[in-house]
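> Top line first, the protein sequences correspond to chains G and C.
According to numbering that gives the first Met the number 0, the stretch in the first sequence is residues 0 to 390, in order.
According to numbering that gives the first Met the number 0, the stretch in the second sequence is residues 0 to 255, in order.
No lab work stands behind these hints, which were simulated from the structure alone.
Note that CB positions come from ideal geometry on N, CA and C, so glycine has one too.
Heads up, some of the hints might be wrong.
Said to hold, decoys possible - Pair by pair, the computed Cβ-Cβ distance ranges are:
1. C:E251 / G:D9: 37 to 43 Å
2. C:N31 / G:D184: 58 to 64 Å
3. G:G186 / C:R12: 56 to 62 Å
4. G:D9 / C:V25: 53 to 59 Å
5. C:R12 / G:D52: 25 to 31 Å
6. C:A242 / G:D9: 49 to 55 Å
7. C:D79 / G:D184: 42 to 48 Å
8. G:E363 / C:V25: 30 to 36 Å
Residues per chain are reported as follows:
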Amino acid sequence: MPTTSFRGVDYLLIETLFSEDERLIRQTARQFVDERVLPVIRDCYRDARFPQDLIPEMGRLGFYGANLEGYGCAGLSNVEYGLIMQELERGDSGLRSFVSVQGALVMYPILTFGSDAQKERWLPRLQSGEAVGCFGLTEPDFGSNPAGMRTTARRQGDTWILNGEKTWITNGTAADVAVVWARTDEGIAGFLVERGTPGFTTSDIHGKWSMRASVTSSLSFADCRISEADRLPAAKGLKAALACLTQARFGIAWGALGAAMDCYETARQYTVLRKQFDDRPIASHQLVQEKLACMITEITKGQLLAIHGGRLKDQGTLEPAHVSMLKRNNVAMALDVARLSRDLLGANGITDEYPIMRHLCNLETVKTYEGTDHIHALVIGERVTGIPAYR
Amino acid sequence: MNIVVCVKQTPARDSLLRVDAAGKWVSEDDLNFEINEPDAYALESGLQLKEQHGGEVTVLCAGPARAAQTIREALAKGADRAIHIAADHLGALDPLGLAKLMAAALRDEKPDLVLTGLQSDDLGYGQTGVILAELLGLPHATIIMQVEVEGGTLQVKRELEDGWFQHVAMPLPALLTIQSGISKLRYATLMGIKRAKTKPVRTVSAAELGDAATPVLEVARVYAPPRGKRTQLFDGDARESAARLVEKLRFEARVL
Ligand SMILES: Cc1cc2nc3c(=O)[nH]c(=O)nc-3n(C[C@H](O)[C@H](O)[C@H](O)COP(=O)(O)OP(=O)(O)OC[C@H]3O[C@@H](n4cnc5c(N)ncnc54)[C@H](O)[C@@H]3O)c2cc1C
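Only chain G is shown next, with the shape it has when bound in the complex (with noise of 0.2 Å):
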């Protein structure tokens, strides 16, 4: 167990902006990653490998759909949800992925856009962690732009017949259920299907040097027949699959903040420790100091935007675009963050001793998933000139 438990990042009291229930959210979240996730995240990010232990503990804490109402979830408000990703992320990306995917992108839509039989079947299976799910929309020549998507689902009376192929997706080997998007005659749609339908093939991507402790999978689908009743009924158009993304986007804005956090403050402690020149701390020289000044404020300014969107997201009034500057920002400041840390530890920077390396590689992931950094930046450029920019 680790002697001294992490005790956050917080220069400016940001203390004070959290209720007594975000703090014991937090705490819960906190202590899981210190003495579940730490001991074991090095060696499942060298071994390519996602920790499944953990899988049903998350369900049981209750960090599946955290932020979800009914089903056994826990119906937490935004900042705290935020609080818990934070954390999480601060183990590792991948963790994090893993959360957000069950319940931003798969949960969310089930609860959303699905019928009651649906939400029956799926939503406590998807909870607990006894089902794990994914979400299929990027296709190998359709990332940033998902609207040209060809896959497709044709009607055959009550069944649908899917035929495509997704890629990039995190969890598809492990997922007992897909939520998949697919084109059709009226518009692009929603399908839940499940592990062993016949014509629904997973492999996974290897080779990664980013998430290496996550899973991503591609999916085919081949003459797949898929019933009716597993089309989600209210998802209509491509809105519904980034209102997904939307929900998760947000969670991102959080976990960003906590590799932020993680490497700063491994960065830190660091370089009061470590001697050069006279046998003085390297903390000593004023470059060494000027990284850490800015690293804390950006940290800060990002703590600042995630609560601030957090509390407009519990109010009702965060719009699509607010949540691409949260993304946008924290994940940029926190890659920023991870490369001013590796600098300061030297050549231990690079090893994977330390947790830097690891989170600086998985943030790469982070920039470009769920939206990349330039898609976010025209999105705020269109609200703010009104002129899209895309094409």
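Take the given structure of chain G and dock chain C with the ligand to it, following the hints.
Frame of chain G, contents of chain C with the ligand only:
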């Protein structure tokens, strides 16, 4: 089984401590607080016994307003209700005074079992539990590592020195002081944290409980141990020096 678990809120374990202006306690301004470590294990034992035998776990906590957070945490982990003795400065009470307040708060409770931590991480008297047992007229056992209830009796395992243990059978009702580190602590689940809000907390003031006795024990001064470097050199042959070094390490430095 009706179980009372006594918990205290103490400064977080790796806090940077500073002596306060009066020199009688630590400055609490920028401290984080958490549940006293042995008390967390007492709570865990209580919750496990409730799961095995049914009944209710009541948390008893004396402390200032901030202790509400620790009470909330205990309720979130599964305690059913709580009694909060509002006491602003626990340092002003000695263990007898505090135990009197606690006994008064439990007057109408009729517990089958009272659990406390072995000692508190801040004052470290290790007395509050045993004095409370005396005031409640209950038998007690200390430094408990394992508790089993069979019919109307308790089977407990006590930790003695040097890796020795003692197994004791004792009647119920009783009071046990629980050792740290004896089990795996549960986390408060998110659902538990949300439910805790609706659980009853009875707050009583020290005055309502009848005044605590005038302390017979008083903290005179709190100070950091003075730092001193004393070097001892052993000359003579290596075998003899090594033996003396081992002796010093064992009995003076107590690191072996
Ligand atoms: C580890 C991992 C897990 C993932 N998990 C999932 C998942 O679970 N489900 C899922 O559906 N997807 C998932 N993805 C896919 C992810 O969402 C896509 O990779 C992402 O949308 C970007 O698409 P792309 O990779 O095809 O890049 P592209 O769209 O080809 O983009 C490449 C570059 O071009 C830029 N670019 C593209 N269009 C424009 C433009 N109009 N203006 C300016 N710049 C532009 C991008 O910003 C980027 O820099 C995952 C990806 C990774 C790496």
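> Hints first: check each against the structure and report whether it holds.
Do the hints match the structure? See the list:
no.: 1; hint: C:E251 / G:D9: 37 to 43 Å; result: holds (41 Å)
no.: 2; hint: C:N31 / G:D184: 58 to 64 Å; result: holds (60 Å)
no.: 3; hint: G:G186 / C:R12: 56 to 62 Å; result: holds (57 Å)
no.: 4; hint: G:D9 / C:V25: 53 to 59 Å; result: violated (20 Å)
no.: 5; hint: C:R12 / G:D52: 25 to 31 Å; result: holds (27 Å)
no.: 6; hint: C:A242 / G:D9: 49 to 55 Å; result: holds (51 Å)
no.: 7; hint: C:D79 / G:D184: 42 to 48 Å; result: violated (57 Å)
no.: 8; hint: G:E363 / C:V25: 30 to 36 Å; result: violated (45 Å)
Of the numbered hints stated above, those contradicted by the structure are hints 4, 7, 8, listed in ascending order.
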